[in-house]
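Participant: Use the sequences and the hints to build the structure in full.
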Amino acid sequence: MTTTPILRIDDVYKSFGATQVLKGFSLSIQPQEVVVLVGPSGSGKSTLLRCINLLHPPTSGRIWLEEEEITAPGVNHDRVRQRIGMVFQDFNLFTHLTALGNVMIGLTKVRKMHKKEAHDLAMFELERVGLVDRAGHYPAQLSGGQKQRVAIARALGMDPHIMLFDEPTSALDPELTGEVLEVMQQLAKEGMTMIVVSHEMGFARQVASRVVFMEGGVVVEEGPPQQMFEQPKYERTRAFLRKITDLEGDEK
Amino acid sequence: MQAFLDLLNNVTPGLLQGTVITLQIAAVSLLLGMAIGLPVGVGRVYGPVWLQRVLGAYVTLFQGTPLLIQLFVVYYGLPDLGLTFGRMEAAFLTLGLNSGAYQAEYLRGALQSVSEGQMTAARAIGMSKWQAIRSIILPQALRLVLPAWSNEVIAMLKNTAVVFVIAVPDLMTQAKNLSSRYFAPIPIYMTVAVFYIILVGAVYLILRQVERRVQIPGLTGDAESAA
Amino acid sequence: MDFFQDLATTFNFILQGLWVTIGVTLVALSVGFVFGVVMAMLRVYGNAFFRALAAAYSVIVRAVPVVVIIFILFFVIARFVNLSPFWAGSLALGFASGAYQSEIFRGAFQSVPPGQMTAARAIGMSRVQAIQSIILPQAVRLALPAWGNEATLVLKDSTLVFVVGVPEILRRAQQVSARTLEPFIAFGLALLLYLALTLLTTQVLQWLERRYRLQM
Ligand SMILES: Nc1ncnc2c1ncn2[C@@H]1O[C@H](COP(=O)(O)OP(=O)(O)OP(=O)(O)O)[C@@H](O)[C@H]1O
Ligand SMILES: [Mg+2]
Chain X
1 MTTTPILRID DVYKSFGATQ VLKGFSLSIQ PQEVVVLVGP SGSGKSTLLR
51 CINLLHPPTS GRIWLEEEEI TAPGVNHDRV RQRIGMVFQD FNLFTHLTAL
101 GNVMIGLTKV RKMHKKEAHD LAMFELERVG LVDRAGHYPA QLSGGQKQRV
151 AIARALGMDP HIMLFDEPTS ALDPELTGEV LEVMQQLAKE GMTMIVVSHE
201 MGFARQVASR VVFMEGGVVV EEGPPQQMFE QPKYERTRAF LRKITDLEGD
251 EK
Chain U
1 MQAFLDLLNN VTPGLLQGTV ITLQIAAVSL LLGMAIGLPV GVGRVYGPVW
51 LQRVLGAYVT LFQGTPLLIQ LFVVYYGLPD LGLTFGRMEA AFLTLGLNSG
101 AYQAEYLRGA LQSVSEGQMT AARAIGMSKW QAIRSIILPQ ALRLVLPAWS
151 NEVIAMLKNT AVVFVIAVPD LMTQAKNLSS RYFAPIPIYM TVAVFYIILV
201 GAVYLILRQV ERRVQIPGLT GDAESAA
Chain W
1 MDFFQDLATT FNFILQGLWV TIGVTLVALS VGFVFGVVMA MLRVYGNAFF
51 RALAAAYSVI VRAVPVVVII FILFFVIARF VNLSPFWAGS LALGFASGAY
101 QSEIFRGAFQ SVPPGQMTAA RAIGMSRVQA IQSIILPQAV RLALPAWGNE
151 ATLVLKDSTL VFVVGVPEIL RRAQQVSART LEPFIAFGLA LLLYLALTLL
201 TTQVLQWLER RYRLQM
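Chains as they are written, first to last, in the numbering used here: chain X, 1 to 252; chain U, 1 to 227; chain W, 1 to 216.
Just so you know, these hints were derived from the structure itself, not from any lab.
Treat the hints with care, since some could be wrong.
Stated by the list, open to error - Some chain U residues judged to face chain X by a derived CB distance under 8 Å, without partners named:
(1) Thr120
(2) Arg123
(3) Pro139
Virtual Cβ for every residue (Gly too), placed ideally from N, Cα, C.
Facilitator: Shown next, in the form of structure tokens:
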């Protein structure tokens with residue numbers, strides 16, 4: 001490792017009652033890296049992201065964010081989450097707030113900004129995702145792709161140091177995925193560190209600095225996209241990646 | 001006919017006085033019920049288990065027994081324990097506690113129908129649990145609860161009619177006194193019925209306007225899901 | 001020891017009102033059922049005149065406090081026939097409940113698929129026959145959960161006949177408290193008795209609903 005990682009996950013276990021989901025997951029992520037995380041359904045991808053931002057703190061193991069151990073006792077979880085942006089599969093926009101309101105509320109309530117300042121920053125973030133003209137619309141009045149872009153703007157407003165995406169395009173109609181992936185690609189270009197759970201293999205090829213394949217709660221194999229797609233070490237990796245690439249091909 | 005108009009002339013001032021008291025009781029009790037129902041509803045969903053149990057018992061007690069008997073316990077019974085209330089206070093307290101139980105239940109239903117993702121997303125941008133409840137969950141739940149709450153307002157107006165049994169000078173008490181003075185219970189109670197119809201109708205129309213005013217696309221409650 | 005004996009005496013006295021309360025509830029529910037079903041049918045299948053009549057009944061009665069309706073009907077009935085307070089009060093309560101039940105059954109009638117009527121007419125039934133033997137049995141089943149809820153409401157409202165002197169639970173509690181001078185105990189016991197009654201009723205209704213659902 002040449003630089004210190006922005007995020008270090010060390011031997012994380014997570015169980016829900018009797019079901020063990022993560023079984024000693026470890027991964028280090030460098031600043032400005034884009035890691036695409038793939039794996040079969042139920043392998044623990046969403047659980048991992050929720051462990052990272054402490055929505056579901058790990059059962060054991062440790063996580064460092066910018067050299068601070070966030071799994072240490074006494075750490076303020078709310079403060080940690082402000083530094084970690086999260087984008088959900090089903091958007092989870094606040095239903096009672098407009099697009100602008102969705103971006104502003106974290107700024108005023110969490111970052112304690114003044115209304116005016118929050119408004120200006122929120123408009124800036126909406127501009128970044130190309131939705132200034134939809135600022136006054138409520139979630140019910142937006143398309144899926146627009147909702148997801150608002151959700152990204154909402155996360156960006158908190159000035160996160162790393163962004164987690166949990167299947168950001170899989171609830172979208174195929175013709176709407178492009179606009180979301182474009183925004184994410186732009187973010188990557190600007191140097192945002194990102195972990196993206198996604199089966200969009202085109203995006204992984206073009207944007208990812210690394211692809212991580214997990215199964216059964218552990219990393220099976222990881223590497224640059226080219227290597228992962230063309231000469232993976234394990235047959236299991238090859239089979240899985242071929243399967244999802246084929247599925248994607250079918251859809252297009 | 002002339003006799004009826006004369007009677008109407010004689011009883012209307014008294015009935016109007018009673019109407020003012022009825023409205024006053026309904027308004028104060030509704031506000032008291034809201035002050036109780038809001039924290040109880042939130043506590044029943046987000047509170048610790050022991051608190052949920054205690055609040056559940058309160059709701060069951062007040063929803064499972066007749067308002068009239070609750071009123072007797074408060075006005076005639078509680079003085080045995082050293083808690084004595086005036087007639088108006090007893091009316092406010094009983095109706096407020098009763099309405100609080102119903103309002104809490106409506107709110108609970110609405111809180112539970114706000115999707116879990118809303119809380120997750122709020123926590124993900126760094127809000128604390130209570131911050132998320134206050135600025136994300138409650139504003140949605142309060143809109144969802146509005147239709148059920150409107151029904152509660154109308155139920156309250158009608159419920160106030162029982163307080164005459166402790167001689168609070170409301171519309172019913174006035175009617176009772178007037179009908180024994182004029183020996184004409186039927187026309188007088190019919191007139192009272194018309195008074196209630198006008199009150200309920202007016203409140204209904206006003207609440208419908210309010211509902212329309214605060215409506216947000218994608219966030220409409222229906223009485224069934226909230227109740 | 002004395003305290004418990006007094007408590008038992010008081011409770012026994014109030015308990016005799018239980019049968020009256022149950023009687024009032026059952027009579028009112030049945031009367032309300034008849035009014036409710038008939039009015040709902042008129043509302044859904046009647047001509048313009050009957051539709052308006054049924055709608056007026058439902059809207060007006062539901063806008064007036066039940067206790068006012070009890071007073072009005074109590075005096076109206078007393079003018080024409082010599083009925084005991086029990087019967088007058090129960091009928092009045094039933095008339096009020098009928099308006100609420102008519103809304104329940106109206107919803108149920110309307111949610112029976114229209115194809116049912118068409119099919120019944122297609123096999124040669126008259127309109128009335130179709131309503132009677134095809135639509136009504138389905139509607140009553142659909143109405144069951146809401147009707148159970150109304151039943152517990154009528155049970156609680158049955159205490160309102162107190163105001164016309166029917167010796168139900170609350171009236172008995174009032175009488176005994178005048179004698180023992182311990183109103184808290186008397187009314188508290190009445191409250192608990194009612195609570196037990198409503199909880200039991202809810203349980204029974206839930207059981208019925210579950211059973212009925214299995215048969216579907
Ligand atoms: N809150 C929870 N309580 C109990 N079990 C859970 C919870 N969250 C996840 N699980 C279980 O953990 C396992 C992994 O779930 P997870 O959502 O992390 O998988 P995933 O890799 O994201 O799958 P998918 O591709 O379907 O989204 C599943 O078996 C799931 O049932
Ligand atoms: Mg997942």
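Participant: Against this structure, judge whether each hint is valid.
Facilitator: Cross-check of the supplied hints:
1. Thr120: Holds, because the Cβ-Cβ distance from U/Thr120 to chain X comes to roughly 6 Å (cut-off 8 Å).
2. Arg123: Because about 6 Å separates U/Arg123 from the closest Cβ in chain X, which is inside the 8 Å limit, the hint holds.
3. Pro139: U/Pro139 check passes; min Cβ-Cβ to chain X is 5 Å, inside 8 Å.
The structure fails none of the hints (numbered hints given earlier).
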